[in-house]
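Novice: If you want the building blocks of each chain, they are given just below.
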Amino acid sequence: MPAPLTHAQQLRDDGDRRLLARVATGDREAFREIYIAYHRRLARFLTRLTRRYDVAEEIINDALWVVWKRAADFRGESRVSTWIMGIAYRRALKTLSSRGHRPFVAAPLDSQPLVAADDLGAAETSEWIMLGLEQLPTEQRMVLEFAYGYGHSCEEIAAIMDCPVNTVKTRMFHARAKLRTILPSLAGTAASSGEASR
Amino acid sequence: MNEHARASELMAWKVNGRIDHADGQWLDDHLAHCAPCRAQLKAEQRVRDAIAREPTVEFAPQASFNRLWERIESERITASEATSGDAPPPARAPAPPAAAARVPWLRVAVAAQAAVIVLLGALLWQRPPAPAYRTVTDSATGPLLSGGVIKAIFADQVRIGDVKEILQGAGLVVVTGPSEAGVYTLAPRDAAAPRVTPGMAARLRADPRVRFAEIGAQ
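First to last, the protein sequences are chains A and B. Going by numbering that gives the first Met the number 0, the residue at position 52 of the first sequence is 51; the numbering climbs one at a time, nothing skipped. Going by numbering that gives the first Met the number 0, the residue at position 12 of the second sequence is 11; the numbering climbs one at a time, nothing skipped.
Please note: incorrect hints may appear among the correct ones.
Now the in silico label distances, taken between C-beta atoms and shown as ranges [said to hold, decoys possible]:
(1) B:Glu2 with A:His173: 14 to 22 Å
(2) B:Ala78 with A:Ala23: 51 to 59 Å
(3) B:Asp48 with A:Thr180: 15 to 23 Å
(4) B:Ala154 with A:Leu10: 36 to 44 Å
(5) B:Val172 with A:Glu154: 52 to 60 Å
(6) A:Val164 with B:His20: 38 to 46 Å
(7) B:Asp19 with A:Leu130: 53 to 61 Å
(8) B:Gln156 with A:Glu28: 54 to 62 Å
(9) A:Glu126 with B:Gly160: 24 to 32 Å
These aren't lab readings, by the way, just hints derived from the structure by calculation. Here the structure is a predicted model, which means the values were calculated and not measured. Backbone N, C-alpha and C fix where the C-beta goes; we use that ideal spot for every residue, glycine too.
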């Protein structure tokens with residue numbers, strides 16, 4: 000059963016659907032509202048994915064250009080945000096592929112672990128975690144981005160990444176396991192639990 | 000899958016608020032008596048917080064939106080110009096025979112138009128060679144137009160003198176424009192080097208008085 004939306008997510012999706020219906024009729028102001036709302040959200044994951052602000056901007060405009068052109072094709076089977084994130088994700092992969100550079104290179108798991116001291120402040124801990132994330136393969140990292148950065152459910156991430164739900168679960172499992180290997184302090188005391196024995 | 004493994008899988012969806020009710024209830028019961036899983040949940044929340052943290056770089060969405068909207072407008076104009084270029088000019092469209100028969104004066108008007116067209120044709124025949132450019136609605140392919148054109152929009156406050164200065168700097172001349180939406184079609188000034196270059200468009204874009212400049216279809 001698909002995971003339910005939070006109240007805030009439901010409200011946002013209702014608003015997005017109203018705006019998108021207006022965009023489908025060629026309403027410039029509605030498109031501007033959608034654009035401003037999604038620019039920030041897309042910029043966050045696209046700059047992390049591409050590591051280039053200018054490329055991220057280019058992908059955002061390409062993706063939202065598609066939204067403008069195809070708003071009338073949206074059938075409402077998913078959240079508007081799932082639809083838009085999927086367009087942006089696929090545009091990003093295509094752009095990166097056409098430029099001939101791979102977005103991320105997975106570091107071997109036996110590389111030197113990044114050890115964050117327990118007494119570091121929250122901001123520094125975040126920086127260590129981000130460093131750890133950068134060592135994950137793109138698909139695994141993106142599953143974490145979509146789940147934790149945007150609150151998407153497993154089913155929604157499958158729609159965005161155009162893959163089966165079980166693939167999302169597998170990527171999520173490996174991403175979290177590798178992150179704990181790269182950042183031992185994240186493992187907490189889980190090593191003593193059954194989780195570590197899997 | 001043992002219960003710790005199940006708890007580990009579910010806690011990813013608990014920290015992002017997308018766990019369903021039954022699974023959430025089961026996980027809460029498990030966490031109530033499992034300290035290692037509670038510790039893992041805390042670590043998972045730290046990962047979520049790090050990922051959900053807003054970026055320190057501020058984008059300027061309104062400026063980006065303006066760029067995208069100019070692109071949309073430019074495409075719309077190009078499409079509409081191409082469509083109007085394909086349509087036969089109204090003056091040359093023959094009136095349907097039945098209609099012409101019902102309205103005798105229409106025959107006279109058409110005959111007069113034809114005479115004017117013949118006269119203009121004769122005048123054009125005597126004119127010097129056509130200029131070394133063509134508009135986007137021309138169907139003929141002029142030898143100097145194989146180099147393409149640039150579509151540009153200038154800032155609202157730009158004066159004629161500024162436009163002249165900008166175009167001279169970029170080595171361009173106006174072919175047509177401004178259109179209803181303020182779009183100018185530009186071509187290279189130098190007949191010996193008729194191809195528009197990315198550098199020309201880039202020079203225009205670098206000028207703050209230019210809102211939009213893209214190499215476009217001829």
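Novice: Out of the numbered hints, which ones does the structure contradict?
Specialist: Numbers 2, 6, 7, 8 and 9, in rising order.
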